[in-house]
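For what it's worth, my numbering labels the leading residue of the sequence shown as 97, then goes sequentially.
Treat the hints with care, since some could be wrong.
[As the list claims (entries may be wrong)] Cβ-Cβ distance ranges computed for the label pairs, FRET-style:
no., residue 1, residue 2, range
1, L695, K543, 43 to 51 Å
2, S651, L435, 54 to 62 Å
3, R741, S397, 42 to 50 Å
4, D499, P607, 26 to 34 Å
5, P678, D612, 24 to 32 Å
6, I338, L208, 18 to 26 Å
7, P373, I338, 30 to 38 Å
8, V296, A345, 28 to 36 Å
9, K719, Q696, 24 to 32 Å
10, S651, S746, 19 to 27 Å
11, V449, F319, 33 to 41 Å
[To be verified] PhoX-like mimics (lysine-lysine), calculated; alpha carbons at most 25 Å apart, straight line:
no., residue 1, residue 2
12, K515, K543
13, K743, K669
14, K669, K605
15, K666, K743
16, K297, K522
17, K588, K605
18, K716, K688
19, K448, K511
20, K690, K708
21, K229, K241
22, K395, K448
23, K544, K399
24, K708, K688
25, K481, K619
26, K186, K422
27, K570, K666
28, K605, K659
29, K511, K522
30, K515, K557
31, K719, K688
32, K557, K570
33, K669, K656
34, K229, K152
35, K186, K372
36, K154, K229
37, K764, K710
38, K544, K515
39, K241, K481
40, K543, K609
Simulated from the structure, these hints should not be mistaken for lab results.
Glycine is no exception: its CB is placed at the ideal position from the N, C-alpha and C atoms.
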Amino acid sequence: MQSKTSSFNRGMWIQSMRNVGWIGALYTLVLLFILPLQIILRYTGEVNENGMYTEKLKTLFEVVGSLQFLFMFTVPVVLAIFLFRYIQTKSAADYIHSLPISRGVLFWQNVLLGIVSLVLPVIISAIVLFLIKDSVNVDDLYTLKLILRWAIDTIILNIFVFSGAVFAGMFTGMSILQGAFIYILFILPAALIQFFIMNVKFYWYGFATTYYSGRNLQDLVPFIHIMDLLDSGKESYLSLVIYAIVACALCFIAFIAYQKRSLEIATHAIAFNWLKPIFIYGLTTCSLLLWGMYFGEIKDSFKWLIFGYVFGSLLGYILGHMILAKTWRVFDKWKGYLLFVAAAIIIGIGLKVDVFGYSSYLPNQENIQSVYFDEDDYSLTDNPKSHDPENGDYYRPPYYYSDKNTVNFIRALHKQIIKDQPNISKREIQSGDAREITFAYNLKNDKKVVRQYAVREADYKAFYKRIIETPEYKNHSFYILERDNKNMRYVKEVQINVMYKSGEPIVIKDPNKIEDLKLAIRKSIQNQTYEDTQSNQQSWSSIDFMDGNGRSVDSIPFEKSYKEVEKWLKHEKMFESARVMPEDVSNIVVLKNKDHEILQNAWVDTPSILTKRKGALTIKDSKQIDHFLSHTTIQEQGDYIVVFRYKNSSPEVQMFDANTIPTELKEKLK
Numbered sequence: 097m098q099s100k101t102s103s104f105n106r107g108m109w110i111q112s113m114r115n116v117g118w119i120g121a122l123y124t125l126v127l128l129f130i131l132p133l134q135i136i137l138r139y140t141g142e143v144n145e146n147g148m149y150t151e152k153l154k155t156l157f158e159v160v161g162s163l164q165f166l167f168m169f170t171v172p173v174v175l176a177i178f179l180f181r182y183i184q185t186k187s188a189a190d191y192i193h194s195l196p197i198s199r200g201v202l203f204w205q206n207v208l209l210g211i212v213s214l215v216l217p218v219i220i221s222a223i224v225l226f227l228i229k230d231s232v233n234v235d236d237l238y239t240l241k242l243i244l245r246w247a248i249d250t251i252i253l254n255i256f257v258f259s260g261a262v263f264a265g266m267f268t269g270m271s272i273l274q275g276a277f278i279y280i281l282f283i284l285p286a287a288l289i290q291f292f293i294m295n296v297k298f299y300w301y302g303f304a305t306t307y308y309s310g311r312n313l314q315d316l317v318p319f320i321h322i323m324d325l326l327d328s329g330k331e332s333y334l335s336l337v338i339y340a341i342v343a344c345a346l347c348f349i350a351f352i353a354y355q356k357r358s359l360e361i362a363t364h365a366i367a368f369n370w371l372k373p374i375f376i377y378g379l380t381t382c383s384l385l386l387w388g389m390y391f392g393e394i395k396d397s398f399k400w401l402i403f404g405y406v407f408g409s410l411l412g413y414i415l416g417h418m419i420l421a422k423t424w425r426v427f428d429k430w431k432g433y434l435l436f437v438a439a440a441i442i443i444g445i446g447l448k449v450d451v452f453g454y455s456s457y458l459p460n461q462e463n464i465q466s467v468y469f470d471e472d473d474y475s476l477t478d479n480p481k482s483h484d485p486e487n488g489d490y491y492r493p494p495y496y497y498s499d500k501n502t503v504n505f506i507r508a509l510h511k512q513i514i515k516d517q518p519n520i521s522k523r524e525i526q527s528g529d530a531r532e533i534t535f536a537y538n539l540k541n542d543k544k545v546v547r548q549y550a551v552r553e554a555d556y557k558a559f560y561k562r563i564i565e566t567p568e569y570k571n572h573s574f575y576i577l578e579r580d581n582k583n584m585r586y587v588k589e590v591q592i593n594v595m596y597k598s599g600e601p602i603v604i605k606d607p608n609k610i611e612d613l614k615l616a617i618r619k620s621i622q623n624q625t626y627e628d629t630q631s632n633q634q635s636w637s638s639i640d641f642m643d644g645n646g647r648s649v650d651s652i653p654f655e656k657s658y659k660e661v662e663k664w665l666k667h668e669k670m671f672e673s674a675r676v677m678p679e680d681v682s683n684i685v686v687l688k689n690k691d692h693e694i695l696q697n698a699w700v701d702t703p704s705i706l707t708k709r710k711g712a713l714t715i716k717d718s719k720q721i722d723h724f725l726s727h728t729t730i731q732e733q734g735d736y737i738v739v740f741r742y743k744n745s746s747p748e749v750q751m752f753d754a755n756t757i758p759t760e761l762k763e764k765l766k
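Sequences and hints are given; from them, build the entire structure.
This is how it looks when you write it as structure tokens:
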């Protein structure tokens with residue numbers, strides 16, 4: 097006689113409550129400690145003279161947000177593991193499924209209990225937050241709207257994580273793997289894309305690694321995306337709807353898998369036979385890409401990249417079989433690995449041969465609408481919404497050159513780089529002997545082409561000279577100088593700060609004088625030559641554009657080649673205060689760098705190391721001191737070492753080339 101199955105089983109509900117009720121109770125206590133108690137401890141009594149609290153909350157996730165996020169991504173996972181623990185243990189699975197309760201009832205009853213266990217603590221905490229809002233006099237700290245927003249956000253995201261953990265549990269027969277799979281599932285899409293990006297740069301010359309890595313890749317990782325959304329207080333309701341829909345989809349797929357999985361699969365790593373090869377080759381591929389990326393990056397070598405592929409693929413393949421077989425005796429399963437290697441070699445050769453012509457592609461001149469040209473690609477991927485100008489975090493948009501001559505000169509440089517394909521090591525970039533460069537073309541067909549290279553600028557001086565001396569390039573050297581820049585409205589004053597000089601900085605608050613100074617900077621930049629920009633001369637001081645709260649909006653160095661700025665400062669009787677003068681220097685010590693030493697930090701800490709050397713010459717003449725001040729550099733090597741002893745600051749050590757040393761001093765320093 098067939099047993100009847102019920103649509104709801106009170107006994108199973110009570111039994112499950114006994115198993116997981118403590119998780120909900122503990123989560124309630126944790127939330128009460130994290131939010132209401134912390135608000136009482138932190139914010140009560142801190143009232144300013146107007147009777148208002150000194151700080152208003154934009155979101156309740158500002159209160160110990162790190163702990164809130166930690167429990168948001170752990171409690172639902174632990175809850176899912178305990179609720180469905182019975183399907184991962186053979187005896188429990190046999191017993192529970194022998195009862196007159198359908199799998200559908202078991203599944204949805206456990207899911208419902210899990211949701212209730214996650215929702216009730218949030219509702220209780222929200223009620224307590226509302227009660228202390230009125231009774232503890234923190235009305236101006238947060239609002240009812242913030243409480244509701246916090247509760248809705250937390251409930252939806254808790255259910256999303258819980259659904260993911262339930263989903264992961266249906267495809268494995270081991271609780272420990274259920275916990276591991278959910279976190280792997282969350283990071284896998286972003287990780288695979290990142291692995292591919294970091295590997296393909298070894299095959300395609302000019303591949304824009306940092307550009308593609310920075311294009312909101314973190315949004316594919318729920319941990320990071322959720323933290324960014326909630327911590328900023330600017331979460332998108334669309335994002336919450338998407339998370340809710342994904343949670344429903346995961347539960348539905350998990351239900352189908354639960355209906356189809358065999359009882360005998362308990363304690364097995366993978367619940368379905370069709371999933372086992374996907375698991376093995378997926379793990380092998382991830383391991384191959386990971387270790388290839390690691391060795392390729394560390395050694396900056398294609399040979400080491402291949403070594404990483406061999407090591408990683410072997411490790412991943414063997415580890416995958418060990419997990420499935422639960423034994424280390426898997427070294428007889430090589431046929432599948434050989435097939436994988438053959439496929440990997442074919443793909444690798446295809447990438448290396450560059451069948452798509454990626455490395456040699458250069459947009460046709462007539463198809464280019466504008467081009468971005470800079471050392472890095474940060475502004476290309478920088479999100480304006482991530483900046484808060486009201487709190488001193490200012491956004492600078494990327495600039496695309498559109499003048500025909502400028503675009504042609506930039507394209508000519510790009511063409512030559514493609515032709516030469518210089519082999520630059522990381523060490524050269526780190527030492528400053530080479531630099532990275534980014535080209536980003538906006539084409540007339542609305543497509544975008546981005547390339548990144550590393551070059552030695554000295555090899556392309558003629559190209560750089562033509563670009564840097566164009567009016568358009570000079571007009572856009574500094575965003576703050578652009579007439580349509582949006583950050584200028586926040587500027588309330590300009591400060592000129594001088595290193596190695598005592599006293600307060602120069603402060604300019606008159607809007608007319610600020611505009612006059614900007615005009616003088618523009619004229620100075622227009623008069624600069626390429627050689628001026630490459631002189632390695634140390635600037636006189638820093639011109640800082642400040643907002644009303646004393647925070648820097650932008651900063652421009654007062655270069656020694658800025659003659660128009662110098663002229664304006666002299667007219668305003670500020671020049672001597674805007675630079676180090678001979679009167680600020682006690683003396684300087686000059687000695688020949690006979691051993692071609694590199695500038696060392698120890699010299700600054702203990703200048704006597706240099707001043708006591710044989711042949712060191714001490715200079716006190718103000719004209720000679722002014723000559724050296726006018727030729728200070730930022731270079732690390734030179735023919736002469738010069739120690740500046742300031743009256744009201746620590747010493748400074750500089751390197752000077754022979755052509756900057758007066759002839760009469762050279763004779764004395766032989």
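Mind checking the alpha carbons of K690 and K708 for me, to see if they're no more than 25 Å apart?
-> Within the cut-off at roughly 15 Å; holds.
Are K515 and K543 close enough, with their CA atoms no more than 25 Å apart?
-> 24 Å, holds
Quick one, are K669 and K605 close enough, alpha carbons at most 25 Å?
-> OK: K669 and K605 at ~16 Å, within 25 Å.
K719 paired with K688 [C-alpha distance capped at 25 Å] | 20 Å, holds
Starting from the hint 43 to 51 Å, judge whether the C-beta atoms of L695 and K543 obey it.
-> Holds: the Cβ-Cβ distance is about 47 Å, inside 43 to 51 Å.
Taking 25 Å as the top limit, are the C-alpha atoms of K544 and K399 close enough?
-> Violated, at about 32 Å.
Holds or violated: K515 to K557, with C-alpha atoms at most 25 Å apart = Satisfied, since the Cα-Cα distance of roughly 16 Å is no more than 25 Å.
Taking 25 Å as the top limit, are the C-alpha atoms of K669 and K656 close enough?
-> 17 Å, holds
Beta-carbon spacing of D499 to P607 - inside the hinted bounds 26 to 34 Å or not = 30 Å, holds
Is it true that the C-beta distance of S651 to S746 lies inside 19 to 27 Å, as the hint says?
-> 22 Å, holds
Satisfaction of hint between K229 and K154, Cα-Cα up to 25 Å = 15 Å, holds
Decide if the proposed pair is consistent with the structure: K570 and K666, CA atoms, cutoff 25 Å inclusive.
-> Holds, because 24 Å separates the two Cα atoms, which is no more than 25 Å.
Of the numbered hints given earlier, the model fails hints 23, 25 and 40; all others are met.
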